[in-house]
Amino acid sequence: MASESRIGSDGLFNTAEVTTSGRPVLRRNEVECFLLSSVDLDSEDDPPRFTPLRSGNLILTTHRLIWIPSSQSNANTSSLPSSLPLSSITHIFSHKKSIKSMFHSPRIRFQVDSLVVVTVVFRGKGDFDGFLTKLWECWRGRAWEEDEKSESEASSGSGAGTVAQGLYGNDGTVRMVGLAGILRKEQEQWESTDKSLQDAFQDLNALMSKAKEMVSLAEKMRQKLLSAPSSQNGGGDDEEMGSKEEMQQWMLSVGIISPVTKESAGALYHQELSRQLADFVRIPLEQAGGMISLTDMYYHFNRARGTELISPDDLWQACNLWEKFDVPVMLRKFDSGVKVIQNKSHSDEEVMSRIRTLVTKTETLRTGVTASDAALTLKIAPAMAKEHLLSAETKGLLCRDMSPDGLRFYFNLFPEIDPTDLHLVKDIGTYGEWVKATSLLSV
Amino acid sequence: MSLIGKSVPFTSVSDQALRHRFSICCSWIESDRICEGQRMQKLGDFKLPQFFNYPPYFTLQPVRDTREKQIQLWKELILDFCKSQKVFLIGVEEDFPLFSNSAIDRTLSHEARETFLSAFVGEGRAEWLDKGHRKCLILWHRIQDWADIILKFVRENGLEDSVMTVEEIRSGTESLGTELEGIDRTILMRALKLLENKGKLALFKGTSADDEGVKFSV
Chain R
1120 MASESRIGSD GLFNTAEVTT SGRPVLRRNE VECFLLSSVD LDSEDDPPRF
1170 TPLRSGNLIL TTHRLIWIPS SQSNANTSSL PSSLPLSSIT HIFSHKKSIK
1220 SMFHSPRIRF QVDSLVVVTV VFRGKGDFDG FLTKLWECWR GRAWEEDEKS
1270 ESEASSGSGA GTVAQGLYGN DGTVRMVGLA GILRKEQEQW ESTDKSLQDA
1320 FQDLNALMSK AKEMVSLAEK MRQKLLSAPS SQNGGGDDEE MGSKEEMQQW
1370 MLSVGIISPV TKESAGALYH QELSRQLADF VRIPLEQAGG MISLTDMYYH
1420 FNRARGTELI SPDDLWQACN LWEKFDVPVM LRKFDSGVKV IQNKSHSDEE
1470 VMSRIRTLVT KTETLRTGVT ASDAALTLKI APAMAKEHLL SAETKGLLCR
1520 DMSPDGLRFY FNLFPEIDPT DLHLVKDIGT YGEWVKATSL LSV
Chain Z
25 MSLIGKSVPF TSVSDQALRH RFSICCSWIE SDRICEGQRM QKLGDFKLPQ
75 FFNYPPYFTL QPVRDTREKQ IQLWKELILD FCKSQKVFLI GVEEDFPLFS
125 NSAIDRTLSH EARETFLSAF VGEGRAEWLD KGHRKCLILW HRIQDWADII
175 LKFVRENGLE DSVMTVEEIR SGTESLGTEL EGIDRTILMR ALKLLENKGK
225 LALFKGTSAD DEGVKFSV
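Protein chains in written order, with our numbering: chain R, 1120 to 1562; chain Z, 25 to 242.
FYI, nobody ran anything at the bench for these hints, they're computed from the structure.
Quick caveat, the model's predicted, so the values are computed rather than measured.
Idealized CB from N, CA, C, for every residue including glycine.
A hint or two may mislead.
As the list claims (entries may be wrong) - Residues from chain R shown here face chain Z by an in silico Cβ test under 8 angstroms; the list is partial: (1) Gln1461; (2) Gly1487; (3) Glu1512; (4) Thr1513; (5) Cys1518; (6) Arg1519; (7) Asp1520; (8) Pro1523; (9) Asn1531; (10) Leu1532; (11) Phe1533; (12) Val1554; (13) Ala1556.
Between the sequences and the hints, there should be enough to build the whole structure, so can you do that?
Right under this line is the structure:
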């Protein structure tokens, strides 16, 4: 990841890669650190050195600053997702707190390539100070240099002729080799885990003592939010709405979902989770044949996450938000109550036609299909197959047969039978084929 | 079973249906496997339709449109059968032959039986005889139709001013071979009462219970 000079006629920023759901594509070893919404990036110089980016989400990672336009901003060509490598920042100006700055939206200024000064204006509500701290940390951390070093090491290391022998490697560190190596590795892991646990418990002890106070405080806040009238008219109430939003954000960070947030577009956390989920869902969906139950997705997603698991409620909220974004997946609820995630392109018509082909075969005309037969033939999960068969029944394509060994479905012949002439079997139609199929049974 | 040279048995069906059935019989002869009447089952001398072997026919369908069609088919079948076999009464829990098909190992559930019979009652082709819906009177002729049949019978036999017992109407020599032969007594009484209200006859009791009598004044 070499740093290049970016000041050209096309502007200061690189175009950032974004997934179909609007999440940034992160490089190897790049970790997301912070996210703020309603951020502008302005040029301080006059005439401006680059086109200002207005009203987007700013994501700080260990390697870059990524700006993604939010859906509300107008889609003109200059508002593409953009990124700026942290390596190109040469100076971050200290944030002077003056009387003037108290009236403005908070802003940060930093210098890129010793030339251009960029002003970041935070128009939204967010932990601005936390962001600034993190920015300093990431900038000072210089994670990109380690990447370069390991890359160059890897390229040079493969060419090295000598292979390390014995317990000590070429660079003097202890090699993880053999049974001793495995044991030592485990030992080191235990030690580091132990240490981090100890640190955590220090904080935890402190937290536990405050826990009761926190819970009661949070409850009070919640009551206050609930009791306050939700709809107000008049401009003078903007401030109150603003502080309410702040409270919601804060409460969400503590882990309490306010019922008020359900009506709004959802807190930022759920939005980002929703986008991330939409990206992740793609592969398991393909493997499952276009449709996957919500419980299966919960399992897949949390397994992939490892830590920071999401609750079933979070998953449910995130899926519900999909209808507000333009993502290629949707949540669907069947009459029986089963909830599934399916591709928008996955059509019911296609499955219906496959079912129809299956039940009009001579063999299945005679014997009908069970849910497991259909699952095998259509290559989908049995629970999904049952849902499809049930919806085919509702559409009138199939009818059911309660046999001694379970529920079976047959092609629906009832419409083809004439009630005024019970013995009539027309030449055309599936009824005649069924008669033929059953007559092939041995005597 | 060779059908060559034998006349194809039929109940009262249309010409077209007859031709169609005949063509099916011919195709039997042509095919190598000759089914021993497998496809066209019989109950007594009543020929069952093909769909009687269709398993879903014996499961009460949940989907509304399908169920309506199913009810219709059951109604026609039951009426046809009862008319041809002179069945007037169906016990819901009894072994009414149409309610099960051993060839495909299916039986109508109690719920299904009640649903289908209740559909009849709704259309005036049947009546429940008890509140518990255990016995159902089948009116493959409506009471009004039976009344007309009685009137016709009276006229054809020149009984306009005569007296008969109710039992004679059911089993007398004049009734032999007519539709009135073996008619269910309850139905007969209903029809007679209907005619009485119209002034076509008068009912009176005889010396014993069997001797309920009718004086026609058609």
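Results for each hint:
The criterion of a C-beta within 8 angstroms of any C-beta in chain Z is not met by Gln1461(R), whose closest approach is roughly 23 angstroms, and the hint is violated. Given the 8 angstroms rule on beta carbons, the hint for Gly1487(R) holds: about 7 angstroms separates it from the nearest Cβ of chain Z. Taking 8 angstroms as the C-beta cut-off, the interface hint given for Glu1512(R) holds, the closest approach to chain Z being about 6 angstroms. Evaluation of the Thr1513(R) hint against chain Z yields a held restraint, the C-beta minimum of about 6 angstroms falling below 8 angstroms.
Given hint, Cys1518(R) at the interface with chain Z, holds; its Cβ is 4 angstroms from that chain's nearest Cβ, closer than 8 angstroms. Checking Arg1519(R) against chain Z: minimum C-beta separation of about 6 angstroms stays under 8 angstroms; hint holds. The beta carbon of Asp1520(R) comes within 4 angstroms of a beta carbon in chain Z, closer than 8 angstroms, and the hint placing it at the interface holds. For Pro1523(R), the suggested interface contact is upheld, since its CB lies about 7 angstroms from the closest CB of chain Z, less than 8 angstroms.
Interface restraint check for Asn1531(R): the shortest CB-CB distance to chain Z comes to about 6 angstroms, inside 8 angstroms, so the restraint holds. For Leu1532(R), the interface hint holds, since its Cβ comes within 8 angstroms of a Cβ in chain Z; the closest pair sits about 6 angstroms apart. Because the closest C-beta pair between Phe1533(R) and chain Z is about 4 angstroms apart, less than 8 angstroms, the hint holds. Checking Val1554(R) against chain Z: minimum C-beta separation of about 5 angstroms stays under 8 angstroms; hint holds.
For Ala1556(R), the interface hint is violated, the least distance from its beta-carbon to any beta-carbon of chain Z being 11 angstroms, above 8 angstroms.
In this structure, the earlier hints numbered 1, 13 are contradicted, and the remaining ones agree with it.
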